[in-house]
Structures are given as C-alpha cells and as structure tokens.
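Protein chains in written order, with our numbering: chain A, 1 to 290; chain B, 1 to 290; chain C, 1 to 290; chain D, 1 to 290.
Check the hints yourself; a few may be wrong.
[Claimed, not checked] Okay, derived cross-link-like pairs now, DSS-like style, lysine-lysine, Cα gap no bigger than 27 Å in a straight line: (1) A/K19 <-> B/K69; (2) A/K208 <-> A/K250; (3) C/K95 <-> B/K128; (4) A/K162 <-> A/K128; (5) D/K19 <-> C/K19.
[What the hints assert, rightly or not] Residues of chain A placed beyond 10 Å of chain C at every Cβ, according to the derived structure: (6) L32; (7) H123; (8) M172.
[To be verified] Label-pair distances were calculated between CB atoms; the ranges are: (9) C/I80 <-> D/M172: 49 to 59 Å; (10) B/D57 <-> A/S40: 22 to 32 Å; (11) B/D57 <-> A/G281: 36 to 46 Å; (12) A/H204 <-> C/S113: 34 to 44 Å; (13) D/N201 <-> B/S83: 36 to 46 Å; (14) A/A200 <-> D/V174: 44 to 54 Å; (15) D/S83 <-> A/N136: 37 to 47 Å; (16) D/M1 <-> C/L58: 36 to 46 Å; (17) A/A64 <-> B/D57: 30 to 40 Å.
These are calculated hints, taken from the structure and not from any lab test.
Only a predicted model underlies this, so the values are computations on that prediction, with no experimental measurement involved.
For glycine and all other residues, C-beta sits at the position ideal for the given N, C-alpha and C.
Number of protein chains: 4
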Amino acid sequence: MTTATLLVSCPDQKGLVAKISDWVFSHGGNILHADQHADSTAGLFLMRVEWELDTFDLAKAEIAPTFEKLATEIYAKWNIQFSDYVRRIAIFVSKQDHCLYDLILRQRSHELSAVIPVVISNHPDLEKVAHNFGINYHHIAIAAENKREQEHQQLAILKQYKIDLVVLAKYMQVLSPDFLTRFPQVINIHHSFLPAFAGANPYHRAYKRGVKIIGATAHYVTDELDEGPIIEQDVIRVSHRDSVVDLIRKGKDLERIVLARAVRQHLQNRVLVYGQSADSGLGLRTVVFD
Amino acid sequence: MTTATLLVSCPDQKGLVAKISDWVFSHGGNILHADQHADSTAGLFLMRVEWELDTFDLAKAEIAPTFEKLATEIYAKWNIQFSDYVRRIAIFVSKQDHCLYDLILRQRSHELSAVIPVVISNHPDLEKVAHNFGINYHHIAIAAENKREQEHQQLAILKQYKIDLVVLAKYMQVLSPDFLTRFPQVINIHHSFLPAFAGANPYHRAYKRGVKIIGATAHYVTDELDEGPIIEQDVIRVSHRDSVVDLIRKGKDLERIVLARAVRQHLQNRVLVYGQSADSGLGLRTVVFD
Amino acid sequence: MTTATLLVSCPDQKGLVAKISDWVFSHGGNILHADQHADSTAGLFLMRVEWELDTFDLAKAEIAPTFEKLATEIYAKWNIQFSDYVRRIAIFVSKQDHCLYDLILRQRSHELSAVIPVVISNHPDLEKVAHNFGINYHHIAIAAENKREQEHQQLAILKQYKIDLVVLAKYMQVLSPDFLTRFPQVINIHHSFLPAFAGANPYHRAYKRGVKIIGATAHYVTDELDEGPIIEQDVIRVSHRDSVVDLIRKGKDLERIVLARAVRQHLQNRVLVYGQSADSGLGLRTVVFD
Amino acid sequence: MTTATLLVSCPDQKGLVAKISDWVFSHGGNILHADQHADSTAGLFLMRVEWELDTFDLAKAEIAPTFEKLATEIYAKWNIQFSDYVRRIAIFVSKQDHCLYDLILRQRSHELSAVIPVVISNHPDLEKVAHNFGINYHHIAIAAENKREQEHQQLAILKQYKIDLVVLAKYMQVLSPDFLTRFPQVINIHHSFLPAFAGANPYHRAYKRGVKIIGATAHYVTDELDEGPIIEQDVIRVSHRDSVVDLIRKGKDLERIVLARAVRQHLQNRVLVYGQSADSGLGLRTVVFD
Numbered sequence: 001m002t003t004a005t006l007l008v009s010c011p012d013q014k015g016l017v018a019k020i021s022d023w024v025f026s027h028g029g030n031i032l033h034a035d036q037h038a039d040s041t042a043g044l045f046l047m048r049v050e051w052e053l054d055t056f057d058l059a060k061a062e063i064a065p066t067f068e069k070l071a072t073e074i075y076a077k078w079n080i081q082f083s084d085y086v087r088r089i090a091i092f093v094s095k096q097d098h099c100l101y102d103l104i105l106r107q108r109s110h111e112l113s114a115v116i117p118v119v120i121s122n123h124p125d126l127e128k129v130a131h132n133f134g135i136n137y138h139h140i141a142i143a144a145e146n147k148r149e150q151e152h153q154q155l156a157i158l159k160q161y162k163i164d165l166v167v168l169a170k171y172m173q174v175l176s177p178d179f180l181t182r183f184p185q186v187i188n189i190h191h192s193f194l195p196a197f198a199g200a201n202p203y204h205r206a207y208k209r210g211v212k213i214i215g216a217t218a219h220y221v222t223d224e225l226d227e228g229p230i231i232e233q234d235v236i237r238v239s240h241r242d243s244v245v246d247l248i249r250k251g252k253d254l255e256r257i258v259l260a261r262a263v264r265q266h267l268q269n270r271v272l273v274y275g276q277s278a279d280s281g282l283g284l285r286t287v288v289f290d
Numbered sequence: 001m002t003t004a005t006l007l008v009s010c011p012d013q014k015g016l017v018a019k020i021s022d023w024v025f026s027h028g029g030n031i032l033h034a035d036q037h038a039d040s041t042a043g044l045f046l047m048r049v050e051w052e053l054d055t056f057d058l059a060k061a062e063i064a065p066t067f068e069k070l071a072t073e074i075y076a077k078w079n080i081q082f083s084d085y086v087r088r089i090a091i092f093v094s095k096q097d098h099c100l101y102d103l104i105l106r107q108r109s110h111e112l113s114a115v116i117p118v119v120i121s122n123h124p125d126l127e128k129v130a131h132n133f134g135i136n137y138h139h140i141a142i143a144a145e146n147k148r149e150q151e152h153q154q155l156a157i158l159k160q161y162k163i164d165l166v167v168l169a170k171y172m173q174v175l176s177p178d179f180l181t182r183f184p185q186v187i188n189i190h191h192s193f194l195p196a197f198a199g200a201n202p203y204h205r206a207y208k209r210g211v212k213i214i215g216a217t218a219h220y221v222t223d224e225l226d227e228g229p230i231i232e233q234d235v236i237r238v239s240h241r242d243s244v245v246d247l248i249r250k251g252k253d254l255e256r257i258v259l260a261r262a263v264r265q266h267l268q269n270r271v272l273v274y275g276q277s278a279d280s281g282l283g284l285r286t287v288v289f290d
Numbered sequence: 001m002t003t004a005t006l007l008v009s010c011p012d013q014k015g016l017v018a019k020i021s022d023w024v025f026s027h028g029g030n031i032l033h034a035d036q037h038a039d040s041t042a043g044l045f046l047m048r049v050e051w052e053l054d055t056f057d058l059a060k061a062e063i064a065p066t067f068e069k070l071a072t073e074i075y076a077k078w079n080i081q082f083s084d085y086v087r088r089i090a091i092f093v094s095k096q097d098h099c100l101y102d103l104i105l106r107q108r109s110h111e112l113s114a115v116i117p118v119v120i121s122n123h124p125d126l127e128k129v130a131h132n133f134g135i136n137y138h139h140i141a142i143a144a145e146n147k148r149e150q151e152h153q154q155l156a157i158l159k160q161y162k163i164d165l166v167v168l169a170k171y172m173q174v175l176s177p178d179f180l181t182r183f184p185q186v187i188n189i190h191h192s193f194l195p196a197f198a199g200a201n202p203y204h205r206a207y208k209r210g211v212k213i214i215g216a217t218a219h220y221v222t223d224e225l226d227e228g229p230i231i232e233q234d235v236i237r238v239s240h241r242d243s244v245v246d247l248i249r250k251g252k253d254l255e256r257i258v259l260a261r262a263v264r265q266h267l268q269n270r271v272l273v274y275g276q277s278a279d280s281g282l283g284l285r286t287v288v289f290d
Numbered sequence: 001m002t003t004a005t006l007l008v009s010c011p012d013q014k015g016l017v018a019k020i021s022d023w024v025f026s027h028g029g030n031i032l033h034a035d036q037h038a039d040s041t042a043g044l045f046l047m048r049v050e051w052e053l054d055t056f057d058l059a060k061a062e063i064a065p066t067f068e069k070l071a072t073e074i075y076a077k078w079n080i081q082f083s084d085y086v087r088r089i090a091i092f093v094s095k096q097d098h099c100l101y102d103l104i105l106r107q108r109s110h111e112l113s114a115v116i117p118v119v120i121s122n123h124p125d126l127e128k129v130a131h132n133f134g135i136n137y138h139h140i141a142i143a144a145e146n147k148r149e150q151e152h153q154q155l156a157i158l159k160q161y162k163i164d165l166v167v168l169a170k171y172m173q174v175l176s177p178d179f180l181t182r183f184p185q186v187i188n189i190h191h192s193f194l195p196a197f198a199g200a201n202p203y204h205r206a207y208k209r210g211v212k213i214i215g216a217t218a219h220y221v222t223d224e225l226d227e228g229p230i231i232e233q234d235v236i237r238v239s240h241r242d243s244v245v246d247l248i249r250k251g252k253d254l255e256r257i258v259l260a261r262a263v264r265q266h267l268q269n270r271v272l273v274y275g276q277s278a279d280s281g282l283g284l285r286t287v288v289f290d
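Same shape as in the complex, but just chain A (with noise of 0.2 Å):
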C-alpha cells in the first residue's frame, strides 16, 4: 500500500483541519492517520496527515501542483512524501562505530526504511565497518587549511549518492555554513542534555560538575553549533560510581538510542520545524507527530 504524507504549516484559522481533510477526501483520499497542533505562541497550525494513494483520484505527478491551490490560500508552508520513495543516507563517522553499527542493522532489519549507499569519514578506521555491509566508504581528512575544499568533495559525494539525508553519527567535525547551505537536510547526535553541555567534551563537564542523570539529544543541525532544532533526547542516571570512562560507556546506548528515534521520525515524516520569531523569542522547535 501505497501512501501520501503531507506536512503543512501556516497562520492558524477556523475550519483548517476540514479544509485539509476535505481535500484529500474529495481526491478519494482514504486518512490513515491526521494529526495536527496550534501552536498558539507562534500563532501557527500544523498538520501531518498520511493517506493512501491507491483510490487517490490524482497521479503523483500532479498531487503537489494541485495541492498549491489550497496551500497558497492559507499561506502554508508545506511538502509531500510518498511513501515508495526510498530516502538515501549518508552517514558521516569518526572513530566511534557504535552508531554507524546501529544505524546499519536498523536498517537492515527494516527499522529504518531507507538505504545507506555511503559513509563518509574524516579518518580511515571504519572502513572494513562499511565494507562488511556493503557500503562504499570515502576518506576524507580534514585539517583547517583543506576544510573548505574538502566539504566540497563531500558534497559532490553527496551529489554522487543522490543523498537525501546526511547523519552525523559521532562526526567529531563541525560542518561549515557554506555546507549547509549547499545541503540543509542533517541530522546530527550531541552527547548531552542540551542546552547543558554544548560544545566539546560534554561527559567531561558533566562529570566535573557532578550532575546525577546525563543525556543525549538528536538535532537537525544549523549554523549555530548544538543550537538547532531538537528532534529527541532521552537519559540516564548516574551515580558517583560512575567515573567519566563510565559516562561514556552509558551515554553510548543513548547516543544510539536517540539518534535512531530521530532518524527513524525523520523518514517517516513525522518531524516540522518552525519556530525562529523574534516576537516571541522562539528558537526553531520541532513537532514530532508520533
């Protein structure tokens, strides 16, 4: 089966979820799924609903041009997602494989509907990884003096790929505005609670300041180091047993744990970023309609 997800925001009014609902209805639209929020700070509504294509009236080709009408009468923002459309990821590693690893049986155990074509590393230790599974692996070592060149080559892998989603699965580089840019669509895991402990060495700083639960938080990442929207974050408590090798070894199974929640959000269509007012002082915020 088949199916459509649109994501819609706009300025909220009266009778959107009716209006919306009925446009897929009236196109033979059968609703698996509709939720939508307001979020009343912002004064925006938002909306997912996902239905299927089968009895659809429109061909694919022709759903967006249509639903134009009725978006640009509320003054939405909006994109659709069939559900066939397999999403291509590129991983970006260091050192660490122990998200490279999850994210890679995930999706061979069909929790992530998605391939992962690439992974793309600034060192050369997880290339046998890559290569037990079938999955081409670029080397690209980055200093200060090469970066910008070397973000270039990433992109034309990118290009190469025809990757749809970068994840930054323990990347221990920070990738340039210029990048993202060029491709906005990055989904990055921080090993903290943020927004406590941005920035380097988090286990570290949480350790010295002695707190007594540690965290991890999935993001899309932006120019602002460990600013961008959050998508999950999840913890675990911690004790004065627990020296920083300890912090480490638990914030491990979050950093996983977290990073494929959020990933696995992002391919179903779940996440909507908005936000960034500067009335309301907002920062960009996500919903996740789960």
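Fit chains B, C and D to the supplied structure of chain A, relying on the hints for placement.
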C-alpha cells in the same frame, strides 16, 4: 472560551476524518484539537475532536440530536462533553491519606477541572482531612454481612451529590458488580504494574519476587478485579537496599502521580475505552488522546 | 535501636576500610551499613558507616573525641550523627504551596525523620497552610533596600527555633553570601535540569528552546547561584503539545519528588560534599550513599 | 593492576564487616571497593570486597584455602574471582540477531571483559554474523525427540571451549533441568517485565492487555521457567499508537540493554544470588552490588 469535545468509535471506513471534521466545520465550529486512531486488530476507528462553541451554529441542546444522524450513518458509539460543565467527583478512601491529599490539592490548584463535594470511607480516620478543605465526609463501614446495604447507602450519596465520577484513592474494598452496574464510572489506582501482582499485597509480593522495578496502574473498574482497561502506568527503580517499607514509600509517589494523571485525562475527555472482542482476543483497552 | 552514622572523607590510602570498621568493632559496635567510595580524580576516600549504639562501649559524648585520634592520623574531615537526635527544619517559601504541603505531609507520615517547627516566607499567602498543621509562620517581606536586615531577622528566627536545616521550597529569593556564612546548611530546589536553564524562568526558557525533556535539581546552596553541589535530579518527558503552563504543572511533580528525596537523603546522613579542587577542575560535588 | 573479588553470604552477626575487611588488610590487601547488605527477612549478611593483589601476601592459589578458615567460622557461602582471569562466554541464539550483535560489539569495545569463542544455535541463520567476527558457530537443531542428545552435544561444546557462562540471547528453546544441573551458569533475557507475561508471546499478550509500558528482564535460568532470580529490568512507554510490531521493535532496544547490563554485572562479580527460604516465602533473588 467554551469548547465541545466529541469522542467517537465506529467501524473503520474511508473518509471518517473528513466526515466528522466537516460536520464540525459546516456548523461553524473551529477545531482546536483533532486526533484519531485506527485499531486494525479491532477494525475500529476512534476519534477525539474539540472545537470552540462561540461560533457554533447549534445550541448545546441541539448538538447531540444533530450529530446522532451522522453517528447512525457510521454506526458510531459516541459522547459529547462541554468544557463549562464542571464534573463532580466522589473520592473513596480507607486509611491512607496520600492520594486523597494529592487529589484535593491538585483540584485546589486547578490541575483538575472538577469539584470534590464528598469523600466516602469505610473508616473514620480521614474525616479531618476532608473537613479541613470543607469537603463532606461519610463514614460507611463495610463488613461481609452488610456490604449490600452499605453499597446502597454509598449509591444514595452519589445520587444526592450528583456525582459523575468515583475515584478509588486507595479504597481497600472491592466494589460489587451490582454497584458497578448502577454506577459504572469508577477509576482505581492499583499499587503494582499490572498485570504483575494483581490482587492483594503487591508490594510484599514484589519484594519476595526480587523485582528491580515497581509500578502503579490506574484503570477503570470492571467486574473482574484488576482487569479493567488501563489508563496510565508508571514505574520506579528499586534495589536490594529497599525493604518492603521502602517499596511502599516509593510506591506512594507512583500511586499519587499515576492516579492524578488518569483522573486528569478522564476529566479532559481524552480516554476512550474499547475492545473486548472474542475474535481478536483483545481485552478492554483505552486510547488516551494526549 | 539508636545508631551512630559517621561520614568521613580523607586522602586515599591503603587500609582505610579496615581501619575505620575496626575502630567501630573494637568498641563493640555492630555495623549495620558501610559504604565507601574512592574518587581517583580528587584522590579522596569517602566513607559512611552506621552502627548500633546499644553495645558500643563509648558514651555518645565520648565518641567524637575518641574518633578524633584516628581522624587526625588519616587527615580526615568527618562528622557523626545519632539517630535519636531529631533534626529541626525551617521551610522557606514564597507563594507556591506544592513543595510546602509535600514536605509537611511526608514529615507527618514519617518519611522524613525531623520536625518542622517554623515556616518563613517573604509573602503572607501560605500562613494558613502552616497553621493548619500547627506550624508557626513568619512573614518577612524582602526588598532590595531591607534585605540585609530582613535576613538578620530570618537568622534570629533560625536561632530561636534551633534550626539545623533550611529547605528552600520554592523560595523565590536569593540568600546572600552573608546569610550562607552564618547558616550554611541550606537545600534548594531549582526547577530545571542543571546546568541547563540556571537562573530565572527555566520553564519559559525550556519551552522556547524546544526541549523534549524537562527536569528539576535539588542542591546545597552556595554563594554561586545554581552552582551548588547537586544532591538529586529527575526528569519528565514533554512534547510540542505541552505549553509553558503544562511544563510548570509537570515540573511541580518533579520539584516535589526531587526535593523530598534530597531532604530525606540529607536527614539520613547519606550525603557527603567534597571536591572543589583547582587542580582537577572538579566543582563541589556529592556522594549520595544510598 | 590485578584485583581479587570476594562474594560472601552468611548468617548475619556482629562484626562481619570488620572481620572480613580485617582479613584482607592483615594480608596486605588494599580494599578498592567494599559493599555489603543485610537482608533482615532472610537473616543474611551479604558482602562484596575487591582488593589489589600486588601487595597481598598470599599467592593466588593460597587465597581460597586461607579464607576457608574464616568462612567456616562464619558459616559462609563464598567465591573469589581474579580480574586477570578472562571469562569465556558461549552465546545461544535462534534467529534474531540484535542481542548477538550487541554482545559481540560490546565485547569488541571492551565493555564486557570476556571472550566469546563460540555461538550455538538451533538454526543456521546467524552463522555469517558469528564468522564475520571470527567466532565459531555450531548449528544444533532441536526437536522434541532429540532434545536430550542435542543438549549433550551442546554440553560437550561448552566443555570443549572451556565455557564459564552461557548467555541466552533470544534463544527460543527451554533448557532442560538436566542441562542446568550440568551447567548452571546461564543468563537469559525475557522480553517482558517479569512476573508479568511470563511464558510465550509476551508482546502479543501485552498488546492485548493494553498496557502503557513494556519491559524486559534478565535473569539466571532455573528449572522453573521465567522464575529465576532477576538481575536487571527496564521498561519503555508505549501507547495505543504502537502495534504489536512496534512493541517488538521498542522491546528489542530494551532486550539489548537489559541483557548487556546483566552480563556486565555478572562478569564483574557484582551479582550474588540468595534466598529461597520456605520460612520467609522469599524466592531466589539477587543483590547487585553496583
């Protein structure tokens, strides 16, 4: 702002989201929240819609009769609640006061949109607590030989106070099927993670089994003890350092929070009970539209 | 059964567990609990020992002077508490009553082994709550220009009631360094997962940042705002459906539980503060012997 | 640094902490960790002591015979492990690979201090996974009529590889009492929050019951199915949105983490099994010295 909330369950079919949201919209209602769920095992569609009444073109008294037409068409079970109707709760207790205090204080701080005109107990102990907050207290002792009559007296009190919901806040008596037939709207807190440790003395049994986590469960009461549809559960970690007394103490925090969440969800018309199908083997279960 | 509890911290060296438990045993004490921790970063050994006094061959008044000899030998900081000494708590509040009720009710149900003779507030609002439970209430308004004098009055009250511990139960004022020098034993509840959202309005800032989990932190108060050693933290999941009002409501449950746990651990002499070493970069931190 | 770890259980009496730590100290051992617990229901004292061997005046071979004298005096059950002895694990699997991968990867990243020389399965499916990591794989199909012989073959393999611990990593067969008599050191992961949903198909039964939280339990295997002493449990929240397939997916994360924690605790000699007393009604239970 007054709102109406509609809870619907009916056999699943195409176009239900559009039909129902259209019905609201066509009468001038602005949908604030709409959420739905399709249970494929039970073959059911379940929906919750909340809309503003200010601009609705039907008077309150006309809403149910008017919706009845659509309901019949889609073979729906349904009910409608209005946000300006303040529900009336009777709390049943025995000797423990922690859930009683908790519910009263939440009601006082506007977390629970309801009034609590009466507390009923099989013991005299908590009369002072009720009176401190200006709540009437009825002591109705229960013995095997007078249970029937005493329940009749309880039912008379529920009628006298026009009670909509009974909350068993650590009431250590089992309500008879006869009571439940006459007054079916009852929420109970059970001090275990059901279905583990149904029945008596769950903390003692949890201790003896050596579990590493204990729980609490809020559920609607049915004729089968501890088998009613679950509204909410939560857990807390325990260790060998915890004696039975510690389990009881930790459990009290769970009981308070789990019961309060369930009552709050119920009062906001977020809980829809369905299931009980011999074919699918499903028991009675809930959708909690959060 | 009366017990003594010894908390010791000293430079780590060989044989400390044996030395200390031997000292107890050689005086006829039966050790009920012994736990220790070595912090290799700080180079410290930390221990908690609790033993029965019935068979101990030293009178209470002799214990400290006698232990002093061993303590000097191992360069220890230490203190001893007796289980039959009932500690005296002053609760500081502003306008919110949830933590105040919670602490009083736990004290009444014997979860907290202490007495609460007095509540001090910068507002008159909660006087009735205190009086309901037979607790004295002192309203001491605080303004920028009279803070010094008002704190002197607070300190006089603490002296008058022979207070051992001050608990800031949502007291919306900052205690001055002068106050803390004169009365250092103060536990505070901060309504965020520190170090995230230290300072004012944590729930509003958490909302604006779009976090998926919120927390609360109980800590000893030091001169640096929200930087004191953490005793306990806990968290709860939130979503886009939660407004700031919902965060505040959910947070209240966290605040209650986290503060109560910290106070209980403190009253059982389970919390040992150490750290603050320029060399290691460690901040003040706690061992909580559970 | 090589250490020895002693686990002791004996009838509770005065002076045990001092006696045992004295014994270590008198032989020149530096205690790194000491933790103990008194179970008043069972009347037992349980202790774990870990000390450095470098300065110990007994050779490894002399330690047990020397301690025997003290052990007899206090009627103790006990065992001693040395940190430089690397334990040998056999993993039993059926068709699911997630726990197998997880244990292997944790072993590779030094989270589990052990070697895994062999995987045994009643199915051929996971041979490639084992071989990828250079681990031998034995396929031993099990049918009702050949179970006895096949178990004998399994036992022969355990002997051949000098296995110390068997981990059932989603092995969908029940080990016979005979197997367990010959090889009692077996850890299993059960995919429910025991004692809820013991036996077959826990996720399906959890779905039918409509629980709001699911769990996983790691325990030592005994003759009574799913009744062995619990080492570790954890849970995750589910909702009406989760189908059985979702429960299985979410449960896999729990299974991985709970099993890995239990195996790790076991390998660090942190788990002491005791209990099974007809008088107290206690079942077999664990102290996990963390």
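Hint check:
1. A/K19 <-> B/K69: Roughly 22 Å separates the two Cα atoms, so the pair holds.
2. A/K208 <-> A/K250: With Cα atoms ~16 Å apart, A/K208 and A/K250 stay inside 27 Å; holds.
3. C/K95 <-> B/K128: Since the Cα atoms of C/K95 and B/K128 sit roughly 25 Å apart, the hinted pair holds (cutoff 27 Å).
4. A/K162 <-> A/K128: Distance ~23 Å between A/K162 and A/K128 Cα, so the pair holds.
5. D/K19 <-> C/K19: holds, 11 Å
6. L32: holds, 21 Å
7. H123: Check passes; 28 Å lies beyond 10 Å.
8. M172: Consistent with the label, A/M172 stays out of reach of chain C, its closest Cβ about 22 Å off (over 10 Å).
9. C/I80 <-> D/M172: 49 to 59 Å: holds, 56 Å
10. B/D57 <-> A/S40: 22 to 32 Å: holds, 25 Å
11. B/D57 <-> A/G281: 36 to 46 Å: holds, 38 Å
12. A/H204 <-> C/S113: 34 to 44 Å: Between A/H204 and C/S113, where Cβ atoms are some 37 Å apart, the hint holds.
13. D/N201 <-> B/S83: 36 to 46 Å: Since D/N201 and B/S83 have Cβ atoms about 42 Å apart, the given range 36 to 46 Å holds.
14. A/A200 <-> D/V174: 44 to 54 Å: holds, 50 Å
15. D/S83 <-> A/N136: 37 to 47 Å: Given a distance of about 42 Å, which is inside 37 to 47 Å, the answer is holds.
16. D/M1 <-> C/L58: 36 to 46 Å: holds, 38 Å
17. A/A64 <-> B/D57: 30 to 40 Å: holds, 35 Å
Checked against the numbered hints above, the structure breaks none of them.
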